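Chemist: Here the structure of chain Y is known, so what remains is to put chain U in place on it, guided by the hints.
Next come the chains, spelled out residue by residue.
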Amino acid sequence: MSILSVNHLLGIKYLKPSDIDLIFKTADNFKKILNQPIKKVPSLRDISIANLFFEDSTRTKLSFELAEKRLSAEIINLSSTSSSVKKGETLLDTVNNILAMKVDIIVLRHPNPGASVFLSRNVDAKIVNAGDGTHEHPTQALLDAYSIREKFGNVNGRKVVIIGDILHSRVALSNIYCLQKLGAEVRVCGPSSLMPKHLNSLNVEHFSNLDEALEWCDIANILRIQLERQNLNYFPSLREYSMRYGINKKILDKLTNDIVIMHPGPINRGVELSSDVADSKHSIILNQVENGVAIRMAVLYLLALKKSN
Amino acid sequence: MNILLKSAKIIDPNSKFNNEIMDVYIKDGKIDQIAKSINYKEKSDTKNSDIEFTYENLHISPGWFDLHANFGEPGFEHNETLDTGCNAAVKGGFTGVMLMPNNIPSIDNRSMIDAILNKTSNLVVDVLPAGNITQNSIGDSIVEMHDMAEGGCKAFTDDKNSLMRNDVMKVAMLYSIDCNALIMNYPNDVSLSKNGVMHEGKTSTRLGLVGIPYMAEAMMVDRDINLLEYANSRLHLSYISTKDSVNKIKIAKRKGLTITADVALHNLFLTENDINNFDTRYKVLPPLRENEDINVLIKALKDNTIDVISSDHTPISDEHKKVEFDNALNGIIGLESAFGLLCKYIVPKIGLSLLIEKISINPRKVLQLPQISINIGNTANITLFDPEKEWEFTADDIKSKSLNTPFIGTKMRGKALGIINKGIFKVN
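Keeping their order, the protein sequence lines are chains Y and U.
Following our numbering, the numbering of the first sequence begins with 1 at its first residue and continues without gaps.
Following our numbering, the numbering of the second sequence begins with 1001 at its first residue and continues without gaps.
Everything labelled a hint here was simulated from the structure, so no lab data went into it.
Remember, it's a predicted structure, so these values are computed and weren't measured experimentally.
A hint or two may mislead.
Ranges between beta-carbon positions, derived for each pair [to be verified]:
no.	chain 1	residue 1	chain 2	residue 2	range
1	U	E1292	Y	H198	38 to 46 Å
2	Y	L227	U	N1327	36 to 44 Å
3	U	Q1033	Y	L227	34 to 42 Å
4	Y	N200	U	V1427	52 to 60 Å
A few chain U residues facing chain Y, derived, Cβ under 8 Å [said to hold, decoys possible]:
no.	residue
5	V1171
6	Y1175
7	T1271
8	D1274
Using N, Cα and C, we set each Cβ at its ideal position, and we do this for glycine too.
Only chain U is shown next, with the shape it has when bound in the complex:
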């Protein structure tokens, strides 16, 4: 299939044509030509399979990549499957996702990596499974990292099951050096946060809910940075939510440690106040914090202390959300609504170009994946979008198997129009 994109504004710091409005011709999955005006009839050699795409205010960027998504399969197929998760990613404009290993059975051996890669190889979205750091994700004994890395596993994490044992984390970091694997951890000292259901602050006090204190995150950020300094490996801290963490990571980066970090997108504009009256749709981990945290997190995006914005797409079926607040599971689905929310709330503060770095360029950098710039001769891995489109998010926009989102009915700004990946063009 050959595709001609007419008058597309290219947003890609690694492209020669960054910020220019160009025609882009894609032939057999590769970017064949970029020029002010390409006549598709002249280019076309197999007219039947050619597509000319015209859209007012069309923007394109390297395909977006979500660093933290949960697709449920295997183990939680009632929430999401690999297929439905990929459909959600396409709808949201993502050409790649890294799956968090919150599965049964655990993603703790080579055959699980092979299984997920096999099952998703024909899908238009690049699916990279992260492996668990520890066997059965229980935090006691590290997994066969070399074998899994050879199978294509780029990162290891126990995700929200934060790795508590210092000695095991130390061994994991040291062991990861030999296969150049990335260790990811969500910093959350469970001994301090275990009964908490929301941020510890004025709202938790008003509602009588057990809070998760700032220090639960801060102490494990400190621990991880200390261990990183000892082991000198590669570390990524996931879902940073507090101003204290940002400051600690900033210092670690200044010291030259190989550390990166991300923030979940909802932690960039929602606060504890949104929980209002026990609304479980806003129950997430890390919990929604305070305005002051949001301000510091936004600054951290600008000064590159935080490298990546992730969706933390976490599908949860109704029976685990329509329950008492204490009993509700943490999480929001995030892929379909990500761009509309980010353009509305974050772009006014950091600009479109930086946003594209946080959701496309940097996630691949963190994982040491090949960069995919929009230049002639490169493989076409592209997201098409309109950053100014105003629209309302409805249940029809959700391709995920679960509907756990507080954003149905929200007025969005900015929309993903489609993706091009693996020679396939998907238009929303």
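Bound-form chain Y, shown alone:
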């Protein structure tokens, strides 16, 4: 059986296309299981996993927990609000204390970019990055690409536009890497003030006009928008954002092609996405959530497999 080329899942940029293929094929099997009456398998019965969430999360945390439980892993949870980090303990000390209790895999959500890379270099456990600041959110990108593959049969050659705050988005960065590795063409759309200065170093073009972007793409992946970041507004108001970049049914009806709408959640209904689109046939948002569990099962399973080798 094939194995991953990496020992941790720190970011999509560290994966080979063959790794992504392997994760998808493994997820296919788990997805079948998830649709059976008995959804649980004993694959990770001897594995202990710690979910360390130093930043708020709802769906990612639940999705990982469910994936772990369905693989029969032992799990422990820690969130920043109840942790010793509040008492001044360093990340490394916290994690080493947990590892002393014989934990095999750490799932880490952290506000600082590179936190999971740092951990992987300094502790003896498999690390799964569940989002590190504005760096990467690899499982989100995998489940997004997996959902595109499911909808279209493959990702290769698809045109995907990511809309919103690209500057601060780990989802955008991981998606760009993942989709490009799989042969898709990726562009971004949003106000120039929310674009990285050196966007072209990622081989990504920028649309400032939403209509042009939607006319170009097969798939629009829409990001949650947030007005203020570190005491600075990068655009004037949610109202103007919505007027310029909000997607509603009227806009989609004008397009010459049918496009697929994705969103990593949680949605600001009426801001970046209107309800008549979020709940329409265009939307595969809930498929994304469903696929998230299968993808995370695949990732954890493949990393655990690697350990036992």
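Modeler: For chain U alone, coordinates are given in the frame of chain Y:
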């Protein structure tokens, strides 16, 4: 109304008839004919409404446009209203003005742009409101530029409330790219100039007044140019007053950055010495500088480092000028006296043709407005003037609601005779 202008010398680099003395016939607001001699009786089809205008030494140019005027309304109607401001513009020969957003409430949303455009649409002067860059003009959060631009706002500035926060200016520049809006800023680092009331130099030392140092302007020019280089948007620097700024802008232009600049007309011939003995009529921002600055500013007009001369028309009521120097507000009314002063002090140095570029052609270029040359078939947007007329500026010449000018009693050279715009002919 049809108008025949007899023997008018056309000053317009974009006209086929530049520098020629021609008759110009205007029919239904359009330039119908330009010829050596037009017989008005032959042309006329509705004799009653026809006007033949004859004046010795008549000159005409594309209508003048003032890039920086304050009309007070809304918020400061005791100083000026849209109506009185437009009357002042007509008197000064201006067919268009851009209003600076120093108002209460701030010009920080679409409805304020709509309101000003609605209220001025019937006036003979084209009134373009600039929007604030930031909400409430307090420098923290940018305005809805797209919405305002769609409403007709061509430029964004917090005017004399120079935008201090670097991060906000960066966002403003980046955001402006998508709607091709022009960002304007008066470069003045308030942390260095905040208590200053005049130029920091020998006069401020003699009078014991707190000075505004050169570097307050220089540092923000540097900042703005750095940000412009990063954002690659469009920037206009307003009211340049120092030789250092000129040099920095010259280098930025050479680098190919999309940057333009203007100078307020009084900064071209008045100096710190004019403040003499605490004369608040000369209290302006940027402050009156030194002779050396004037020389460099004039050179900058010639080599096009500075694109535009603005009036910086700032009406202020007596109770804010007839006070101690520290407490007086900054500003001079400028529209009515602009041409008489410019012809007297500036034309001998740069020539009439270049002056017309600085007060008519270039302001529209900076704002990317359609050019309005004097050619057959074009809409008639014209200023009539006599560049040699000698006269004395009196209070009767002031149409503005405020009288804050040091020029009453000054002998002027050159006078605006009238304007033609929107099919209307206003003779002074």
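Chemist: A separate judgement is required for each hint: does it hold in the structure or not?
Modeler: Hint check results:
Remark: the range hint 38 to 46 Å for E1292 of chain U to H198 of chain Y is upheld by a beta-carbon distance near 42 Å. At about 40 Å, the CB distance of L227 of chain Y to N1327 of chain U agrees with the hint of 36 to 44 Å. As the Cβ distance of Q1033 of chain U to L227 of chain Y is approximately 58 Å, the hint placing it in 34 to 42 Å is violated. In this structure the hint that N200 of chain Y and V1427 of chain U lie 52 to 60 Å apart at CB holds, the actual value being about 58 Å.
Checking V1171 of chain U against chain Y by beta carbon gives a least distance of about 5 Å; that is within 8 Å, so the hint holds. Taking 8 Å as the C-beta contact cut-off toward chain Y, the hint placing Y1175 of chain U at the interface holds, the least distance being around 4 Å. A least Cβ separation of about 41 Å between T1271 of chain U and chain Y goes past the 8 Å threshold, and the interface hint is therefore violated. Given the 8 Å rule on beta carbons, the hint for D1274 of chain U is violated: about 42 Å separates it from the nearest Cβ of chain Y.
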